[in-house]
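Could you build all of it, start to finish, from the sequences and the hints given here?
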Amino acid sequence: MALDPISAILLFFSQLNPAVLWLAVGIILCGMELVLPTAFVEFLPGVSALIVAGLSLFIPNFFIQVVLWVGLSAAFIVLSRRFLSQQKIPRSLAEAQEAQTLTAIPPGEAGRVIYDGNSWRAKCSDPEQAIAPHQPVFVVGRQGNTLIVIPEHLLQS
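Terminal number for the sequence shown in this note's numbering: 152, no gaps in between.
You may find that some hints are simply not true.
Pair ranges (Cβ atoms, derived) [to be verified]:
1. Ile109 / Phe8: 46 to 54 Å
2. Ile59 / Val36: 19 to 27 Å
3. Ala105 / Val30: 36 to 44 Å
4. Ala69 / Pro0: 28 to 36 Å
Honestly, the hints are just simulated from the structure, not real lab data. Every value quoted in this text rests on a predicted model; they were computed, and no experiment measured them. Glycine is no exception: its CB is placed at the ideal position from the N, C-alpha and C atoms.
Here it is, written out as structure tokens:
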């Protein structure tokens, strides 16, 4: 009696040793990170699968192995986000990137700038300074979703 492809795949994986299965999953996920860089989103669950492959020799229950893999993967991703900076905004004036105002930025108030291809809410770093629309500015900081900008002419003077 012939099996359909899905049943054949399920039968094949049901016959595998869980350690071999976790090892294969770990290698595949780590390898995918090399081909499709995703800031460790594939690599860390791959490392978790490799750890679970070793632990599966001592923990025979597959459900517990899956829970352990999910927990380790989540913990590694959360910990990696703490240590890897997500900040794209420059930390110093030397690293400041150029943007352009879309609207006027009145003194002490917010306006809109185009930065990195997106419209952002922005305030001038000098609360006494106004910036006209369509003027080049430099992004020097960020407060939540508001960029802190400085007019280009202030840097040139």
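Quick rundown of the hints versus the structure:
1. Ile109 / Phe8: 46 to 54 Å: holds, 51 Å
2. Ile59 / Val36: 19 to 27 Å: holds, 24 Å
3. Ala105 / Val30: 36 to 44 Å: holds, 42 Å
4. Ala69 / Pro0: 28 to 36 Å: holds, 32 Å
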